[in-house]
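Mind docking chains B and C on chain A? Use the hints.
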Amino acid sequence: MTTATLSRWNRFRESFLWYSFKRDKVAIASFIVLLLMVFAAVFAPLFAPTNPYDLAQIDIMNSELPPVGMPGADAAFPLGTDAQGRDMLSTILYGTRVSLLIGFGAVVLQAALGILFGLLAGYLGGRVDSILMRIADVQLSFSTLMVAIIVGAVFKASFGNLMFGEIAIYMLIFIIGVAEWPQIARTVRASVLAEKKKEYVDAAKVMGYRTNRIMFRHILPNTLSPIFVIATVQIANAIISEAALSFLGLGMPETQPSLGSLIKSGFDYIQSGSWWITLIPGLVLVVLVLVINLLGDWLRDVMNPRLYKG
Amino acid sequence: MKNHTPLLEVKNLDVRFAVRGGDLTALRGISFSLDKGERLGLVGESGAGKSVAAFSILNLIARPGYIAGGQILLEGKDLAAMSERELRKIRGNRIAMIFQDPMMTLNPVLSIGTQMVEAIKAHRRISTKAARDIALDRLRKVQIPSPEKRLDQYPHELSGGMRQRVIIAIALLLDPEIIVADEPTTALDVTIQAEIMALLLELCEQENVALMLITHDLGVVSQVTQRMLVMYSGRIIEQGPTREIINDAQHPYTQGLINALPQMGEPGARLFQIPGSMPSLKNVPTGCPFHPRCDFATDQCRQTMPEYVRSGNVDVACYEVSNLIEQEKRMQEAGS
Amino acid sequence: MFVISVIAFAIQDGLGDPLQEMVGMSVSMEEREALREELGLNDPMVVQYLRFAGKAIQGDLGNSYFYGKPTLTVIAEHLPATLELVIGASLIIMLLSVPIGVYAAIRPQAWLAKFFMGVSTVGISIPVFLTAIVLIQIYSIGITVEWFPADTGWGQWLNGALSTEGGMPSYGRGDDLTHLFGTWYSGFFTELGLMHLVLPCVSLASIMLPLFIRLIRAEMMEVLQSDYIRYARAKGLSSARINFLHALKNTMLPVITVGGVQVGVMVAYTILTETVFQWPGVGLMFLEAITRSDIPLIVAYLMVVGLIFVITNTLVDLVYGLVNPTVKLTGKKA
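Residue numbers (the numbering used here), protein chains in the order written: chain A, 1 to 310; chain B, 1 to 336; chain C, 1 to 334.
Because the hints were derived from the structure by calculation, they are not lab data. Note that this is a predicted model, so its numbers are computed, not measured. Just so it is clear, CB atoms sit at the ideal spot from N, CA and C, and this is done for glycine as well. Hints are supplied without guarantee of correctness; some may be wrong.
Pulled a few chain C residues facing chain B out of the computed Cβ check, cut under 8 Å [unchecked claim]:
hint	residue
1	Arg-107
2	Glu-222
3	Tyr-228
4	Tyr-231
5	Arg-233
6	Ala-234
7	Asn-250
8	Arg-292
9	Val-323
10	Pro-325
11	Thr-326
Straight line, CA to CA, 25 Å or less: simulated BS3-like cross-link-like pairs of lysine-lysine [claimed, not checked]:
hint	chain 1	residue 1	chain 2	residue 2
12	B	Lys-129	B	Lys-89
13	B	Lys-11	B	Lys-77
14	B	Lys-149	B	Lys-129
15	A	Lys-25	C	Lys-114
16	B	Lys-149	B	Lys-121
17	A	Lys-22	C	Lys-249
18	B	Lys-121	C	Lys-114
19	B	Lys-141	B	Lys-121
20	B	Lys-149	C	Lys-249
21	B	Lys-129	B	Lys-36
22	B	Lys-77	B	Lys-89
23	B	Lys-129	B	Lys-77
Estimated spans, in silico, between C-beta atoms of each pair [what the hints assert, rightly or not]:
hint	chain 1	residue 1	chain 2	residue 2	range
24	A	Asn-212	C	Lys-69	48 to 58 Å
25	B	Ala-81	C	Trp-111	21 to 31 Å
26	C	Trp-111	B	His-156	54 to 64 Å
27	A	Ser-130	C	Ile-311	43 to 53 Å
28	B	Ala-81	A	Gly-125	57 to 67 Å
29	A	Gly-125	B	Asn-247	50 to 60 Å
With the rest of the complex left out, here is chain A (with noise of 0.2 Å):
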């Protein structure tokens, strides 16, 4: 087990992947700065000094308090409060941890949605391929931005606010997963249709093995890596989708705030001169997309699959 795990690693570190990864400044900076966020949002309730949740840690008082190093800021709110008098620098670590849940869960979502259709599509092929790309390239052409604009609102009407508060998360998850699938389900179809044609697949037929088993433990393993690159992006995208649709109003409530609920309940006080409510998890917003979407692009000139873009 521990030989096994071992020369895994070895081989890891032997690998082409390993070798850019050491070369790049770009990728290992960006690596260290997503994993410091990554790790920071998942531990947020051990290091931020407040619970925002938690109603009786805030007081109305300390409400629009400036960051340190503006004129009267307190130093127990480092990043200042918002409108409700909470911790910034709390609200932010939360929030992010929102955020990058719904970013994940939702790629989980599309990646699971998009791999099964791509997988059908391109094995199957006829009536079944037309059938869901025809259904891809309608919900691509409308934006999937717009797509889950539209559910988003048809949920929240039919819901009603409260009970969308409660589910916002799952609903959001769902949202943006089902509104993003075609991306993943159309990277994975042009891969299958290359590797159908390869003699492994003919192989596999001649032998014997059921479709489902060709499909899932033959096909799937060697379409992995564009959708890996994929789904790296797709996160930026869905943390994008989700601040988006907070934005609006259709996302996470400001009792549990995401990044982006948070840049748009500061957005109604920016006219009063508070810019770091809306600015802070703005800027946090940005790196944290950006870094992903550097990893991303460098992932996929290490790997260089064809991907379908737009």
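This is chains B and C only, laid out in the frame that chain A set:
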């Protein structure tokens, strides 16, 4: 023959490709000349550097390739040292090129007329009307049916053979002195190949244009050209009058090439094959690059590149040949 | 031309059919909700849908609950504002993306090209509403920087250089609009109207611009590798003619197609931009309709957006046909 300045003279040309981990040498010490109205053949396997040689004549090697040394003299002026501006005046004007694949050569979104007129107007200050007349005249020369109609058509509306005719017409637009044709018939149907080749030969003779024909088809070279070069792994290994080389090749590689041709009248006979394949640019062997595939290879061949020796009117780079010549000389001396 | 119209029809059919389905679905859900709350009707979904579709064909998409007017009238009142926003942003995108993309493709090693590519990578990662907020902060509210000591010359200079005045309008379209026709009041013809357009248009353009720059650069670099570009050089053409006629025309083909798809994305982003700038267009109207549960208006908006997609797709096909001779040929033959 060597008393006058040739039209084009290439001297010791080196072309390299700058890639990660050092330069790759694509052409090494290439030297040849081309007289007015002469037809020169350039043969070799794919990857021998024929196309690179063709493009380097117009100084048109795609990056990361570059000319690392040597001269390309057009009536004494060095194209390798010229500015892009001066080069532009020569390209298409004094030296025209015909590319390999007529499907890829013409711009798909511009009409034939546009692509012909722009070539004229890049070099001559004349009206579009006059340029169109020239274009029409050349299209007639290449025997395209209903040439007036072609000017307003787009490349995809013509067949492969027609397109190559258009490209020959474009090459003739400005009455060039040299046409460099890089495998002009390889991408065409076999039936059309002969037609196009005959047309090109006829026009070159008629207009007294020098032709540099790059091909891997020894048959075509023997029919069309007066002199030929044989390239292997970025070097010229044999050059001289075509008939002499075809009838009595000196270099073992050229002999192999000729023996590999199917012979008429011997149905069912096995074709000769040169064993092995040409080395890639990344690991060219020391000494003579052909030695790993050569039956006559000696330690000398493995260590140093042979110099050119003259046998009849043919220059050849091979120790086997030079040793034979010396042997003959000694025997003659001993005999007399 | 005939074939183009057939293609357009096929696209319309392809887009239109699932569109109907989707709208139909939301109609039934919305209306079920609405029925329970207000009207109490209990018709089966199919009947309702048929009635809706029948009315829709006659241009009747019901009355808005909130405005008390026919929904299409409400949309017609809001549409010009959105269209002007989109037109302004498209102009910015077209005027900037082509030269920058082409430049970055021709000189990929130049530091300016690398700078543009770096900025566009960062630009892709910034959500449109955040760009808008930052723009408001800088150009509308203004920032005062007092980090550097004001008693030294350089400190004062740095403070001044980093501070902005603000004052750009960031709310609505201004009062000085010119009446063009019908419900179209334009902000293009007065200084105040144009000032109001600047920030929203820049925000909307900011998200698409990096995308187009990257796309144009990638396509152009591929085209520059092709044989016909090398051949054009062998003909002795000037590099300006090669780059801007031979290469650019081929580059634009895929860009036009992708650009058409991006119109859909643009519609989604108008919702965000209009929200930030309180721009009285259809996007803001749609969002308000959602919060007010103004179901007929939501449905009408979706129908209109679908129609806009069909129209733009047809337009894109037409433009593509104009640029690409291959398409024109099939049109002639048929």
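Each hint, compared with the structure:
1. Arg-107: Constraint on C/Arg-107 not satisfied, violated at 12 Å.
2. Glu-222: Violated. Min distance 13 Å.
3. Tyr-228: holds (4 Å)
4. Tyr-231: holds (5 Å)
5. Arg-233: Where the cut-off is 8 Å and the nearest Cβ of chain B is about 6 Å from C/Arg-233, the hint holds.
6. Ala-234: Interface hint status for C/Ala-234: holds (4 Å vs cutoff 8 Å).
7. Asn-250: Status holds, d = 6 Å.
8. Arg-292: Violated, because the Cβ-Cβ distance from C/Arg-292 to chain B comes to roughly 51 Å (cut-off 8 Å).
9. Val-323: holds (7 Å)
10. Pro-325: holds (4 Å)
11. Thr-326: holds (6 Å)
12. B/Lys-129 <-> B/Lys-89: holds (22 Å)
13. B/Lys-11 <-> B/Lys-77: Holds - the C-alpha atoms of B/Lys-77 and B/Lys-11 are around 12 Å apart, at most 25 Å.
14. B/Lys-149 <-> B/Lys-129: Distance ~15 Å between B/Lys-149 and B/Lys-129 Cα, so the pair holds.
15. A/Lys-25 <-> C/Lys-114: holds (16 Å)
16. B/Lys-149 <-> B/Lys-121: holds (21 Å)
17. A/Lys-22 <-> C/Lys-249: Distance ~40 Å between A/Lys-22 and C/Lys-249 Cα, so the pair is violated.
18. B/Lys-121 <-> C/Lys-114: violated (35 Å)
19. B/Lys-141 <-> B/Lys-121: Answer holds: B/Lys-141 to B/Lys-121 is near 20 Å, not above 25 Å.
20. B/Lys-149 <-> C/Lys-249: Since the Cα atoms of B/Lys-149 and C/Lys-249 sit roughly 23 Å apart, the hinted pair holds (cutoff 25 Å).
21. B/Lys-129 <-> B/Lys-36: violated (31 Å)
22. B/Lys-77 <-> B/Lys-89: Roughly 13 Å separates the two Cα atoms, so the pair holds.
23. B/Lys-129 <-> B/Lys-77: Answer violated: B/Lys-129 to B/Lys-77 is near 34 Å, above 25 Å.
24. A/Asn-212 <-> C/Lys-69: 48 to 58 Å: holds (56 Å)
25. B/Ala-81 <-> C/Trp-111: 21 to 31 Å: holds (29 Å)
26. C/Trp-111 <-> B/His-156: 54 to 64 Å: The hinted range 54 to 64 Å is violated for C/Trp-111 and B/His-156, with Cβ atoms some 40 Å apart.
27. A/Ser-130 <-> C/Ile-311: 43 to 53 Å: The hinted range 43 to 53 Å is violated for A/Ser-130 and C/Ile-311, with Cβ atoms some 25 Å apart.
28. B/Ala-81 <-> A/Gly-125: 57 to 67 Å: holds (59 Å)
29. A/Gly-125 <-> B/Asn-247: 50 to 60 Å: Distance hint for A/Gly-125, B/Asn-247 holds at roughly 58 Å.
The structure shown violates the earlier hints numbered 1, 2, 8, 17, 18, 21, 23, 26 and 27.
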